[in-house]
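Student: What follows is the residue order along each chain.
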Amino acid sequence: DVKVTQSSRYLVKRTGEKVFLECVQDMDHENMFWYRQDPGLGLRLIYFSYDVKMKEKGDIPEGYSVSREKKERFSLILESASTNQTSMYLCASSSWAATDTQYFGPGTRLTVL
Amino acid sequence: SQQGEEDPQALSIQEGENATMNCSYKTSINNLQWYRQNSGRGLVHLILIRSNEREKHSGRLRVTLDTSKKSSSLLITASRAADTASYFCATDALGGSYIPTFGRGTSLIVHP
Numbered sequence: 001d002v003k004v005t006q007s008s009r010y011l012v013k014r015t016g017e018k019v020f021l022e023c024v025q026d027m028d029h030e031n032m033f034w035y036r037q038d039p040g041l042g043l044r045l046i047y048f049s050y051d052v053k054m055k056e057k058g059d060i061p062e063g064y065s066v067s068r069e070k071k072e073r074f075s076l077i078l079e080s081a082s083t084n085q086t087s088m089y090l091c092a093s094s095s096w097a098a099t100d101t102q103y104f105g106p107g108t109r110l111t112v113l
Numbered sequence: 001s002q003q004g005e006e007d008p009q010a011l012s013i014q015e016g017e018n019a020t021m022n023c024s025y026k027t028s029i030n031n032l033q034w035y036r037q038n039s040g041r042g043l044v045h046l047i048l049i050r051s052n053e054r055e056k057h058s059g060r061l062r063v064t065l066d067t068s069k070k071s072s073s074l075l076i077t078a079s080r081a082a083d084t085a086s087y088f089c090a091t092d093a094l095g096g097s098y099i100p101t102f103g104r105g106t107s108l109i110v111h112p
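If you read the protein sequences in the order shown, they are chains P and A.
Per my numbering, the very first residue in the first sequence carries number 1; after that it's consecutive.
Per my numbering, the very first residue in the second sequence carries number 1; after that it's consecutive.
Pulled out of the complex, with its shape left as it was, chain A reads as follows (with noise of 0.2 Å):
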């Protein structure tokens, strides 16, 4: 069952725009994870932010946590043609397994 759930499903911008994708998930988290997945690919790991952490930046990617509304975001700043991918959020449930639950991801596109 899917712990993670990413919205929107689809967003399409202009290059140089700043993308913005939400995750919502149900039970608490250790922690959660990005992935980009380019077309027809395997996943890439982003980024990672624990539970007590409220937000992290890596290059242009900012992703922020709020484990009271159980959410995160993931901010792609400055947006590329190359961003053009979908992004996966995954879980990994507090007292759960260590294997991270992914969602259903937001594809996103980047027009030039």
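So that you can see chain P by itself, here it is in the shape it has in the complex (with noise of 0.2 Å):
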């Protein structure tokens, strides 16, 4: 069964403080992907990564930066956490011999006091 897992399913931190949220698949992947859910705007891509070490700028990668340092792990940083980054961060992973097919992560509802 494949499987995406996410450190936490809730985090409340306070503004200015630095935040990591982990993501691990176990499925081998070559990609994986860091997404934000807000309402009404559904997901917008935070930060893409297609290797070990590789990482590409989505749609909103303003106050994110990414690590990837073993392939089943990406990490997304919030250098200084803000007010408006308070929202649902889902992880998702795909192969390159499937790239139309992510398998999420169950999420983490951040909010950011």
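Since the hints were derived computationally from the structure, they do not count as laboratory data.
One thing to keep in mind: the hints can contain errors.
What the hints assert, rightly or not - Calculated lysine to aspartate or glutamate pairs in the EDC-like style (CA-CA distance at most 20 Å, straight line): (1) Lys-71(P) to Glu-30(P); (2) Lys-55(P) to Glu-30(P); (3) Lys-55(P) to Glu-72(P); (4) Lys-3(P) to Glu-22(P); (5) Lys-26(A) to Asp-59(P); (6) Lys-26(A) to Asp-100(P); (7) Lys-70(P) to Asp-26(P); (8) Lys-56(A) to Asp-100(P); (9) Lys-71(P) to Asp-28(P); (10) Lys-53(P) to Glu-30(P); (11) Lys-70(A) to Asp-100(P); (12) Lys-53(P) to Asp-28(P).
Here the structure is a predicted model, which means the values were calculated and not measured.
Quick one: dock chain against chain with the hints and give me the complex.
Tutor: Structure below.
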């Protein structure tokens, strides 16, 4: 059974804190993605990675960075959290053989106070 | 920017009824997919239809694709309360990146 896990389901942080969101997949997928989901806006792509140590900006990368040191792990970093980064964060992965099908983690609901 | 847009934004039906959701998109595609998201959870892939296909079935799901109208529909037959979720279409643009672009979703409520 394919699995994408995220480190936290709920997270509360204060403005200015550095926040790490971790995502792990056990499917040996090459591609990994971070999205944020907000009411009325749908899913927006923050960053993606198609290989270890490789990263590409998505549609809304400002205020975020990512790290992919190992194939199975993709981390999203909020260097200095702000209230407008309060959102649901979704991680996904896909393989090169089937790039059109993404597997999602359960999501992390982040609240920045 | 959104490639696919679902319609309606919200749908409320009784158990046993059929639910139909539509997705319109702007540019030519390689394929189109439908995902389901239960409240507060991640998305789950339901079905993929390629640009050269017109209809596809999976259990109680039926997806159609009309490339001339740049639209797709998802039909859930004999709906159940457990079908309550948000449904998203995602498109893989022809000649674009391999990353699907998601719409804003249709929120479906099935009353028991």
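Student: Hint by hint, say whether it matches the structure.
Tutor: Taking the hints in turn, this is what the structure says about them:
1. For the proposed pair Lys-71(P) and Glu-30(P), the alpha carbon gap of about 7 Å is at most 20 Å, so the pair holds.
2. A hinted pair counts as satisfied when its Cα atoms are at most 20 Å apart, and Lys-55(P) with Glu-30(P) qualifies at roughly 12 Å.
3. About 14 Å separates the Cα atoms of Lys-55(P) and Glu-72(P), which keeps this hinted pair within 20 Å; it holds.
4. Between Lys-3(P) and Glu-22(P) the alpha-carbon distance is near 14 Å, which keeps this suggested pair within the 20 Å criterion.
5. The straight-line distance between the Cα atoms of Lys-26(A) and Asp-59(P) is roughly 18 Å, inside the 20 Å bound, and the hint therefore holds.
6. The straight-line distance between the Cα atoms of Lys-26(A) and Asp-100(P) is roughly 18 Å, inside the 20 Å bound, and the hint therefore holds.
7. Pair hint Lys-70(P) plus Asp-26(P) holds up; C-alpha atoms about 12 Å apart against a cutoff of 20 Å.
8. Only pairs whose Cα atoms come within 20 Å are accepted, and Lys-56(A) paired with Asp-100(P) is accepted, the gap being roughly 16 Å.
9. Distance check on the hinted pair: Lys-71(P) and Asp-28(P) sit about 7 Å apart at the alpha-carbon level, within 20 Å; holds.
10. Of the pairs offered as hints, the one joining Lys-53(P) and Glu-30(P) holds, with about 11 Å between alpha carbons and a cut-off of 20 Å not exceeded.
11. Our distance criterion of 20 Å between C-alpha atoms is met by Lys-70(A) and Asp-100(P), whose separation comes to about 18 Å.
12. Taken as a hint, the Lys-53(P) and Asp-28(P) pair is honoured in the structure, with Cα atoms around 15 Å apart against an allowance of 20 Å.
Checked against the numbered hints listed earlier, the structure breaks none of them; every hint is satisfied.
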